[in-house]
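Student: Single-letter residue listing:
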Amino acid sequence: GAGVSQSPSNKVTEKGKDVELRCDPISGHTALYWYRQSLGQGLEFLIYFQGNSAPDKSGLPSDRFSAERTGGSVSTLTIQRTQQEDSAVYLCASSLGTSGRYQETQYFGPGTRLLVL
Amino acid sequence: DAKTTQPNSMESNEEEPVHLPCNHSTISGTDYIHWYRQLPSQGPEYVIHGLTSNVNNRMASLAIAEDRKSSTLILHRATLRDAAVYYCILRNSGGSNYKLTFGKGTLLTVNP
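The listed protein sequences correspond, in order, to chains A and B.
Sequential numbering from 1 applies to the first sequence in the working numbering.
Sequential numbering from 1 applies to the second sequence in the working numbering.
These are computed hints drawn from the structure, not numbers from a lab.
Errors might be hidden in some of the hints.
[What the hints assert, rightly or not] Straight-line C-alpha distance at most 30 Å; calculated DSSO-like pairs for lysine-lysine:
| # | chain 1 | residue 1 | chain 2 | residue 2 |
| --- | --- | --- | --- | --- |
| 1 | B | Lys104 | B | Lys69 |
| 2 | A | Lys15 | A | Lys57 |
| 3 | B | Lys104 | B | Lys3 |
| 4 | A | Lys11 | B | Lys3 |
| 5 | A | Lys17 | B | Lys3 |
| 6 | B | Lys104 | A | Lys57 |
| 7 | A | Lys11 | A | Lys57 |
| 8 | B | Lys99 | A | Lys17 |
| 9 | B | Lys69 | A | Lys17 |
| 10 | B | Lys104 | A | Lys11 |
| 11 | B | Lys69 | B | Lys99 |
| 12 | B | Lys3 | B | Lys99 |
Here the structure is a predicted model, which is why all the values come from computation and not from measurement.
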């Protein structure tokens, strides 16, 4: 079946511009996560959605970052006034979203490689 | 969160078994041991997880020490496609357990 898809796969932008990154989760998955992975760094949690609600936005680095999810499916991560330190791979993952399933597997998309010049 | 320690890199030959170690000496009784891997230019991929008993699936086997302070991911016959960074992490049943946190992992090189 179809996995998690993300678009664009690569994005080059100029400092100060806004960018939108899109994530299509696996059909039927109610939980969706955004992570960031910088070169040589580990995985950094950004935000978690359960349905259309975001109970945990604690990982968003600044108020330039926002995310929304509509129809319990597609999610968009928006970065306003991009800075060079925003350059990273932005990963989206989804899971079934069954409450309390601590070993619930997260399925990742291929990521969007963002380069801010 | 309890921490894991893995070697920075390992090397293997194609079609030979690979044993990837992970130390987690401060593991708690409710921590599950999970393994993910990340192929070049791809997102992380779930491999296997377990609590106390050894586990097998189509991708790999997980051997867990009796005291649970270490574990080993076993790839029975490495292929070139198995070249990736392998991450060993602990996931607890409480709190914000949905936040995956990876360390540096082990970079596995598979030689033809």
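Student: Does the alpha-carbon distance linking Lys104 (chain B) and Lys11 (chain A) stay inside the 30 Å limit?
Tutor: Distance of about 25 Å is within 30 Å: holds.
Student: Between the alpha carbons of Lys104 (chain B) and Lys69 (chain B), is the straight-line distance 30 Å or under?
Tutor: Holds, at about 19 Å.
Student: Mind checking the alpha carbons of Lys69 (chain B) and Lys17 (chain A) for me, to see if they're no more than 30 Å apart?
Tutor: Given pair Lys69 (chain B), Lys17 (chain A) is violated - Cα atoms ~48 Å apart, limit 30 Å.
Student: Lys3 (chain B) and Lys99 (chain B): Cα distance at most 30 Å?
Tutor: holds, 14 Å
Student: Going straight from one Cα to the other, do Lys104 (chain B) and Lys57 (chain A) come out at no more than 30 Å?
Tutor: Holds: Lys104 (chain B) and Lys57 (chain A) sit about 24 Å apart, inside 30 Å.
Student: Straight-line Cα separation of Lys15 (chain A) and Lys57 (chain A) no greater than 30 Å?
Tutor: Holds, at roughly 24 Å.
Student: When you check the alpha-carbon spacing of Lys99 (chain B) and Lys17 (chain A), does it fall within 30 Å?
Tutor: Roughly 29 Å separates the two Cα atoms, so the pair holds.
Student: Are Lys17 (chain A) and Lys3 (chain B) close enough, with their CA atoms no more than 30 Å apart?
Tutor: violated, 38 Å
Student: Are the Cα atoms of Lys11 (chain A) and Lys3 (chain B) separated by 30 Å or less?
Tutor: Roughly 34 Å separates the two Cα atoms, so the pair is violated.
Student: Between the alpha carbons of Lys69 (chain B) and Lys99 (chain B), is the straight-line distance 30 Å or under?
Tutor: holds, 22 Å
Student: Given the proposed pairing of Lys104 (chain B) with Lys3 (chain B), does the C-alpha separation stay at or below 30 Å?
Tutor: holds, 12 Å
Student: Lys11 (chain A) and Lys57 (chain A): Cα distance at most 30 Å?
Tutor: Holds: Lys11 (chain A) and Lys57 (chain A) sit about 24 Å apart, inside 30 Å.
Figure legend: structure checked against the earlier numbered hints; hints not met, in rising order: 4, 5, 9.
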